[in-house]
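Using the sequences and the hints given, assemble the complete structure.
My numbering puts the first residue of the sequence shown at 641, with every later residue one more than the last.
Heads up, none of these hints are tricks.
Straight-line Cα separation of at most 16 Å, EDC-like style, residue types lysine to aspartate or glutamate; simulated pairs:
{"id": "1", "residue 1": "Lys954", "residue 2": "Asp743"}
{"id": "2", "residue 1": "Lys856", "residue 2": "Glu731"}
{"id": "3", "residue 1": "Lys1056", "residue 2": "Asp1014"}
{"id": "4", "residue 1": "Lys922", "residue 2": "Glu699"}
{"id": "5", "residue 1": "Lys1028", "residue 2": "Glu1042"}
{"id": "6", "residue 1": "Lys922", "residue 2": "Glu695"}
{"id": "7", "residue 1": "Lys1056", "residue 2": "Asp1011"}
{"id": "8", "residue 1": "Lys922", "residue 2": "Glu700"}
{"id": "9", "residue 1": "Lys1012", "residue 2": "Glu1061"}
{"id": "10", "residue 1": "Lys1012", "residue 2": "Glu949"}
{"id": "11", "residue 1": "Lys1028", "residue 2": "Asp976"}
{"id": "12", "residue 1": "Lys1028", "residue 2": "Glu973"}
{"id": "13", "residue 1": "Lys922", "residue 2": "Glu691"}
Worth flagging that the hints you see were computed from the coordinates, not collected in a lab.
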Amino acid sequence: MQFDAIVARDGPSLPPARIVRQPRRTCLLTPVASCLVVAALSSCAALPRLEAVPESLTEEAVVPGIPGSRIWMDRDLAPFVQVVTQDLARERAALQQQGLPVDPMPPINFLAISGGGDNGAFAAGVLAGWTASGGRPVFRVVTGVSAGALIAPFAYLGPAYDDVVRQVATSIGPGDVFQPRSRIAGLLSDGMSSSAPLRRLIERYVTQALLAQIAKEYSTGRALQIATTDLDAGRQVTWNMGAIAASGTPAALELFRNIMIASISIPGAVSPVLINVEVAGKQYQEMHVDGGVISQLFAYPSNAVAELERNTGKPWNRPIRVYLIRNGRLGPERTDTPRRTLAIGRRAIDLLVQAEGVEDVHRIYRIARQDKADFNLAYMGPDFSAAKRRNFDTLYMNSLFEYGYRLAQEGTVWHKAPPGEVEVMR
641 MQFDAIVARD
651 GPSLPPARIV
661 RQPRRTCLLT
671 PVASCLVVAA
681 LSSCAALPRL
691 EAVPESLTEE
701 AVVPGIPGSR
711 IWMDRDLAPF
721 VQVVTQDLAR
731 ERAALQQQGL
741 PVDPMPPINF
751 LAISGGGDNG
761 AFAAGVLAGW
771 TASGGRPVFR
781 VVTGVSAGAL
791 IAPFAYLGPA
801 YDDVVRQVAT
811 SIGPGDVFQP
821 RSRIAGLLSD
831 GMSSSAPLRR
841 LIERYVTQAL
851 LAQIAKEYST
861 GRALQIATTD
871 LDAGRQVTWN
881 MGAIAASGTP
891 AALELFRNIM
901 IASISIPGAV
911 SPVLINVEVA
921 GKQYQEMHVD
931 GGVISQLFAY
941 PSNAVAELER
951 NTGKPWNRPI
961 RVYLIRNGRL
971 GPERTDTPRR
981 TLAIGRRAID
991 LLVQAEGVED
1001 VHRIYRIARQ
1011 DKADFNLAYM
1021 GPDFSAAKRR
1031 NFDTLYMNSL
1041 FEYGYRLAQE
1051 GTVWHKAPPG
1061 EVEVMR
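The following block contains the structure:
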């Protein structure tokens, strides 16, 4: 999600004549106001929370009553291999129950949806246009980060939810996502905005009935994963949303919603989400924020196929198809940057996020090439030129939806390699 989708833009500069006429007032009020803010911040203690998980216990922490709710995939791949092996066993059992062949197993279709703020309308259009084309497959795995986390559960459940995805991705305005605090209140709180409107939006669509449908699909071996960032640990967490939905515990729905909100919550700009965990019966609290802090999208880790082969003792002979939807462009967009502190900082952060997202695409491409997977990439091309008057501009979002829809329906949305890369060898 873009930084300037949350932080308000600077106001207009004062005209030179006004500055000349009131030099003392301008010079006096600024330091006085600054001193008041500094004094208030200095005298204010941090907001209360339970103790953070000690570093040595990070991977031992579990959500009470919901085992297997998440995976740490940035170091040891053993937990990931264990989860995948369990998914494969459920999938095999479901296929046998339906009288379908299990040798060989059908291809695995991965769908990864990136962050991108209001550019999530592109993914919504691609999914709907893909459905209209008649070629949209059933995805064995769906992953989402940030704005992609808002879409992923509905994409996982299939075309029946295309209208929900469109409504969520094209009809919301700024007031439907975050509620800005005053600058003083924001500095004294844990974010410049509250995610209360986003919570209400998610509560409207993510219901107990929706979780029951996700749990049903999970029982057939399908996986739904959403990434957040554990700010204390400084690591990305992959949440096993199907396992959470299937846990049947009263806390599952609230955790499911909290993870979606956390994955969209830019640290500093929006309040983080605190998640209660425990280790050996002791209670701790983790602080989770936007998954895009670490990466903008993900499919599966490097060397995962090799680890599965080593674990099973058998060669991997199952086709893999990877579909990435990048809710953004694959190059920076030029803009005239005002010579003001916030504008300069905002522009630099936007470029940092953009570069990270592009590198994520290339990283997944290299993994796909290593595994001889069928790689497919959709992104906003230079032919999309609709102007955005403000963040969450409904005209812009609907234009972007129609753009993605048209390309997907025509079958021209998918690229076999990112610009500058050679095509994956299959």
